[in-house]
Amino acid sequence: MADLSKDDETTVEAVEAAINAPVDRGEPILQVRNLVKHFPLTQGIVFKRTVGAVKAVDGISFDLYQGETLGIVGESGCGKSTVAKLLMSLETATAGEVLYKGQDITKLSGKALKVVRRNIQMVFQDPYTSLNPRMTVGDIIGEPFDIHPEVAPKGTRRKKVQDLLDVVGLNPEYINRYPHQFSGGQRQRIGIARGLALNPEVIICDEPVSALDVSVQAQVINLMENLQDEFNLSYIFIAHDLSIVRHISDRVGVMYLGKMAEIGSDAEIYEYPTHPYTQALLSAVPVPDPEARAHRERIILTGDVPSPANPPSGCRFRTRCWKAQDKCATDVPLLAIPERFKGVDSPAAHDSACHFAEVKDVVGVA
Amino acid sequence: MTEVVTGMDGSGTTAAGPAPAAPSAAEPSVARISNWSEIRARFLANKLAVFGLLIVVILLLVAVFAPLIAPADPLHQDLMNTLKEPSSKHWLGTDALGRDQLSRIIYGSRIAMIVGLASILLACFIGITLGAIAGYFGRIWDTLIMRVADVFFAFPLLVGAIVIILLMGRGVLPVVISLGIFSWATFARLLRSQILSVREMDYVHAAKALGASRRRIVLKHILPNSVTSVVVYAASSVGIAIVAEASLSFLGVGVSPEVAEWGNMIFAGKDFMGVKDYLWVYPSLSIVTTALGFVFLGNGLRDALDPKLR
Amino acid sequence: MTTVETAAESIGTTAAGGPLLEVRDLHVEFKTRDGVAKAVNGVNYSVSAGETLAVLGESGSGKSVTAQAIMGILDSPPGRVAQGEILFHGQNILALPESERRKLRGNKMAMIFQDALSSLNPVLSVGFQLGEMFRAHQGLSKKDAKKKAIELMDRVRIPAAKERVGDYAHQFSGGMRQRIMIAMAIALEPDLIIADEPTTALDVTVQAQVMDLLAELQRESNMGLILITHDLGVVADVADKIAVMYAGRIVETAPVHEIYKRPAHPYTKGLLRSIPRLDQKGQELYAIKGLPPNLLAVPSGCAFNPRCEMAQDICRTDVPPLHTVTEADGGELPGRGSACHFWKETIHG
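Keeping their order, the protein sequence lines are chains A, B and C.
Using the working numbering, the letters of the first sequence map in sequence onto residues 1 to 366.
Using the working numbering, the letters of the second sequence map in sequence onto residues 367 to 676.
Using the working numbering, the letters of the third sequence map in sequence onto residues 677 to 1025.
Be careful, since some hints might not be right.
[As the list claims (entries may be wrong)] A short, non-exhaustive set of chain A residues, derived as facing chain C with CB atoms under 10 Å:
hint: 1; residue: Glu27
hint: 2; residue: Gln31
hint: 3; residue: Tyr174
hint: 4; residue: Ile175
hint: 5; residue: Asn176
hint: 6; residue: His180
hint: 7; residue: Gly184
hint: 8; residue: Asp241
hint: 9; residue: His247
hint: 10; residue: Ala284
[Unchecked claim] Calculated lysine to aspartate or glutamate pairs in the DMTMM-like style (CA-CA distance at most 20 Å, straight line):
hint: 11; chain 1: C; residue 1: Lys965; chain 2: A; residue 2: Glu225
hint: 12; chain 1: C; residue 1: Lys957; chain 2: A; residue 2: Asp361
hint: 13; chain 1: C; residue 1: Lys818; chain 2: C; residue 2: Asp791
hint: 14; chain 1: C; residue 1: Lys965; chain 2: C; residue 2: Glu985
hint: 15; chain 1: A; residue 1: Lys323; chain 2: A; residue 2: Glu339
hint: 16; chain 1: C; residue 1: Lys707; chain 2: C; residue 2: Asp751
hint: 17; chain 1: C; residue 1: Lys707; chain 2: B; residue 2: Asp669
hint: 18; chain 1: C; residue 1: Lys819; chain 2: C; residue 2: Asp843
hint: 19; chain 1: C; residue 1: Lys838; chain 2: C; residue 2: Glu827
hint: 20; chain 1: B; residue 1: Lys574; chain 2: A; residue 2: Asp229
hint: 21; chain 1: C; residue 1: Lys957; chain 2: A; residue 2: Glu291
hint: 22; chain 1: C; residue 1: Lys965; chain 2: A; residue 2: Asp266
hint: 23; chain 1: B; residue 1: Lys574; chain 2: A; residue 2: Glu27
hint: 24; chain 1: C; residue 1: Lys957; chain 2: A; residue 2: Asp139
hint: 25; chain 1: A; residue 1: Lys107; chain 2: A; residue 2: Glu13
hint: 26; chain 1: A; residue 1: Lys160; chain 2: A; residue 2: Glu150
hint: 27; chain 1: C; residue 1: Lys937; chain 2: A; residue 2: Glu291
hint: 28; chain 1: B; residue 1: Lys574; chain 2: A; residue 2: Asp146
hint: 29; chain 1: C; residue 1: Lys957; chain 2: A; residue 2: Glu13
hint: 30; chain 1: C; residue 1: Lys937; chain 2: C; residue 2: Glu1008
hint: 31; chain 1: C; residue 1: Lys957; chain 2: A; residue 2: Asp146
hint: 32; chain 1: C; residue 1: Lys957; chain 2: A; residue 2: Glu339
hint: 33; chain 1: C; residue 1: Lys779; chain 2: C; residue 2: Asp791
hint: 34; chain 1: A; residue 1: Lys114; chain 2: A; residue 2: Asp104
hint: 35; chain 1: C; residue 1: Lys707; chain 2: C; residue 2: Glu727
hint: 36; chain 1: C; residue 1: Lys957; chain 2: A; residue 2: Asp229
hint: 37; chain 1: C; residue 1: Lys707; chain 2: B; residue 2: Glu404
hint: 38; chain 1: B; residue 1: Lys574; chain 2: A; residue 2: Glu150
If you're looking for bench data, these hints aren't it; they were derived computationally from the structure.
Since the structure is predicted, the reported quantities are computational estimates derived from the model, not experimental observations.
All C-beta atoms in this analysis are idealised placements derived from N, C-alpha and C, irrespective of residue type, glycine included.
With these hints in hand, go ahead and build the complete structure from the sequences.
Encoded structure:
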């Protein structure tokens, strides 16, 4: 934790001024640059020695534009939830920058960070652990106002909480109930209301519907889309369900073992994937339509995801890749438009970290 | 030993990542946390728990109103009437100095209650404070506090009590202090382990993400959700502390020997074993009943607060 | 592949043509503090040898409870079978004493759970746990049991089975652990396997591997398979027929391919419409309104009526039976049924 230097006040003012500036639609609001998070592996009980590191996030860059939804997909262990925590400053980055309207928030602490937190909020995966079971719904949704009293004067808070309940489609009379009196979907709405309370600009959603029943998922997704339009929000939507990500996202990034494998617009990623991992991932998704299924090519990967404590050299996917060659073991492929697609006017010309990128339609659009 | 220090998503080694919590229909949804009326209903449905509560309440009343209930002064020596068997005059007989046994037992409940409650309060205070620091701040604080806890945990109570008495002399306060400082370690461990799991709950992350202060996070989110088990354990521990207190007195490192106290009474009665058994049987029964009362109460609280722990 | 003769031979083989397992009018209740929760309210289904039945439903639909009743592993109390029959090889196993049912488990019917890690004993090697099946049920020696364990691990395609037979559950990845669970289930060549959300906890790329394995093993040994899931996508891959459950009842049955094209129950129809598609962006999602049912207060009539767009007065009063579904001109649609008063309108538009 960086100590609060004597010019803390000026920092706070500078940050406040910077983040209160409006950002035009389509301009980047969040820029992530070479973000790294290594969790040290230690040995010993009293005297801990570091013997290695789990490279949960290992150099990731992307932009989030004002008003858009950026989906991030990947399997367990790929580091997508760590990215969420880093963006929220719930974990300290090992290296790299998260620029919010030009301010590097990984370097902020204390008051300056608190100011930023008003504008970047989060919706969590598990509706059963994301609400304090000993607080009423009113206290949970009202807590943001307790922490940031400047946002809502005391007398107006109850009304504000009731308005928020209404906005997320819950009965405002539920204000005195406890979380356990609600179903999973309703609880997720409460979590969303808490996230909206401070009027944020960016909401990081970490698997927000994966714990919900299918019939309730659609309700919550629709709610989130409506709220985005109503409050002009930018979303980072982290999920493992590729169909849902496609539905809600404008752009999609695919993560594998702490790296971004491919990133592009939803059509670019789903219809013109050029990275073998994206292709395998998409082809493995069970589709509830046996006929569409018949047209699809399935790529069944062998083996498991390697340990992030000891990732393969070169391209991290090479141990499971059917295209892997010697080059893949020695050269780390960069996330960029592949050489062969440069200057080509095709949806295939998007960032992909593969030496041998080529288009393969695995979803069966054609 | 290799361990991943901080929580991360997915897996450290080959273990599978967090499963997307799957909707499953094992049983109809049951609330995880119950409100007070449900807790009370569950507690009252537990006969043993109600029995324990009854014992504890009666004992508390006896201790508070001892001067009104006791038929005689517990310290009054009647050397003309020593070692009298229980009779209508002395319901539980008299001891070698002619003191009324019933009155001594009644007054003994005061020492038992005071020492039992005060020592556990002290232990809770130390244990909760240190356990919370260890659990929440972790790192060096955790290592330091937990190693100290290990030492206190392993240290024999008897030796500790002797040291304290050497320093402070005999009396109620030294007993409270020795029991308190030699039982906080369990409370600290218990709270720490609870905090370690509560700390990773998403509602704690959510509070952090909102910019909540550490103080707020600990007091509003972490402690209320982790302290229940400590409170429950404390209730049972009062009974254990009362047994320990009597043992210390019996061994001569507790309160002064003339004080009306159950351990003292057993000590005095042990010389008449097989001859005047009423001298040690009734104080022993008092200890057992009291200890059981608190244990039943504690278990009842545990089951009522969290039916899944049973 | 050899057929292993097992101890529990009290139940013979099915007469040709008869189903392997038949659940008849099963009712299961759970006693709770707030009343009796009717988790299963009259379920009928059957599975034949070599057939895969997918039971699809959301939380509280009773899909897992039905499976637990079949296996005889209901939490009881508070749960109990209130009514009904479960015929296995034609014999009502609910009438058997517990000692007989125990012999059936593992030998004749086996179950695979969602969470493989908690289903395996952490302090015993997986080889030992696999071998235990043979030692306990077939009296094999330690050495032979180990050999069998390695064979099994090979069969479920765990790489380097010989070297890994002494490893413990936590040393395997999620996908490998689920393979070990499958190995354990097929060890004694049971006639029926119940898989309860077997791939839900796994990653997509691993899910596909495990489902393929399960389907292949089933084909090889002609077992009956009941696949319990909430995922319409998983079902499409492997099942022969499907039963959709809602609030403890079966609301629709169909051969698997037909249900996606032409659902005959508004609930199934709603579910299919509410899933976003991988191959197109789509507009706003269709969402079934309302909440899943509270089992302590299941709505009268059709349990789905408060969430149904087609609900009429009759839906609030009369429980719809499972109607036989036919073509608009009365042509047969084998295996199809819908518990909706308005199934005709639902399927034929």
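Checked hints:
1. Glu27: Violated. Min distance 24 Å.
2. Gln31: It is violated, given that the least Cβ distance between Gln31/A and chain C is near 26 Å, above 10 Å.
3. Tyr174: 13 Å, violated
4. Ile175: Hint violated; Ile175/A Cβ to chain C Cβ min 19 Å, cut 10 Å.
5. Asn176: It is violated, given that the least Cβ distance between Asn176/A and chain C is near 20 Å, above 10 Å.
6. His180: 13 Å, violated
7. Gly184: 8 Å, holds
8. Asp241: 8 Å, holds
9. His247: 3 Å, holds
10. Ala284: For Ala284/A, the interface hint holds, since the closest Cβ of chain C sits about 4 Å away, which is under 10 Å.
11. Lys965/C - Glu225/A: 17 Å, holds
12. Lys957/C - Asp361/A: 15 Å, holds
13. Lys818/C - Asp791/C: 28 Å, violated
14. Lys965/C - Glu985/C: 9 Å, holds
15. Lys323/A - Glu339/A: With Cα atoms ~17 Å apart, Lys323/A and Glu339/A stay inside 20 Å; holds.
16. Lys707/C - Asp751/C: With Cα atoms ~11 Å apart, Lys707/C and Asp751/C stay inside 20 Å; holds.
17. Lys707/C - Asp669/B: 18 Å, holds
18. Lys819/C - Asp843/C: 17 Å, holds
19. Lys838/C - Glu827/C: The hint holds at about 9 Å.
20. Lys574/B - Asp229/A: 27 Å, violated
21. Lys957/C - Glu291/A: OK: Lys957/C and Glu291/A at ~18 Å, within 20 Å.
22. Lys965/C - Asp266/A: With a Cα-Cα distance of about 28 Å, the restraint between Lys965/C and Asp266/A is violated, given a limit of 20 Å.
23. Lys574/B - Glu27/A: Distance ~28 Å between Lys574/B and Glu27/A Cα, so the pair is violated.
24. Lys957/C - Asp139/A: At roughly 38 Å apart (the allowed maximum being 20 Å), Asp139/A and Lys957/C break the hint.
25. Lys107/A - Glu13/A: With a Cα-Cα distance of about 15 Å, the restraint between Lys107/A and Glu13/A holds, given a limit of 20 Å.
26. Lys160/A - Glu150/A: It holds: about 14 Å lies between the C-alpha atoms, which stays within 20 Å.
27. Lys937/C - Glu291/A: At roughly 9 Å apart (the allowed maximum being 20 Å), Glu291/A and Lys937/C satisfy the hint.
28. Lys574/B - Asp146/A: Judged against 20 Å, a Cα distance of about 13 Å means the pair holds.
29. Lys957/C - Glu13/A: At roughly 43 Å apart (the allowed maximum being 20 Å), Glu13/A and Lys957/C break the hint.
30. Lys937/C - Glu1008/C: At roughly 16 Å apart (the allowed maximum being 20 Å), Glu1008/C and Lys937/C satisfy the hint.
31. Lys957/C - Asp146/A: Violated: Lys957/C and Asp146/A sit about 40 Å apart, past 20 Å.
32. Lys957/C - Glu339/A: Violated, because 28 Å separates the two Cα atoms, which is more than 20 Å.
33. Lys779/C - Asp791/C: 24 Å, violated
34. Lys114/A - Asp104/A: With Cα atoms ~14 Å apart, Lys114/A and Asp104/A stay inside 20 Å; holds.
35. Lys707/C - Glu727/C: Distance of about 34 Å is beyond 20 Å: violated.
36. Lys957/C - Asp229/A: Holds: Lys957/C and Asp229/A sit about 18 Å apart, inside 20 Å.
37. Lys707/C - Glu404/B: 16 Å, holds
38. Lys574/B - Glu150/A: 18 Å, holds
In the structure shown, a violation is registered for the earlier hints numbered 1, 2, 3, 4, 5, 6, 13, 20, 22, 23, 24, 29, 31, 32, 33, 35, in ascending order.
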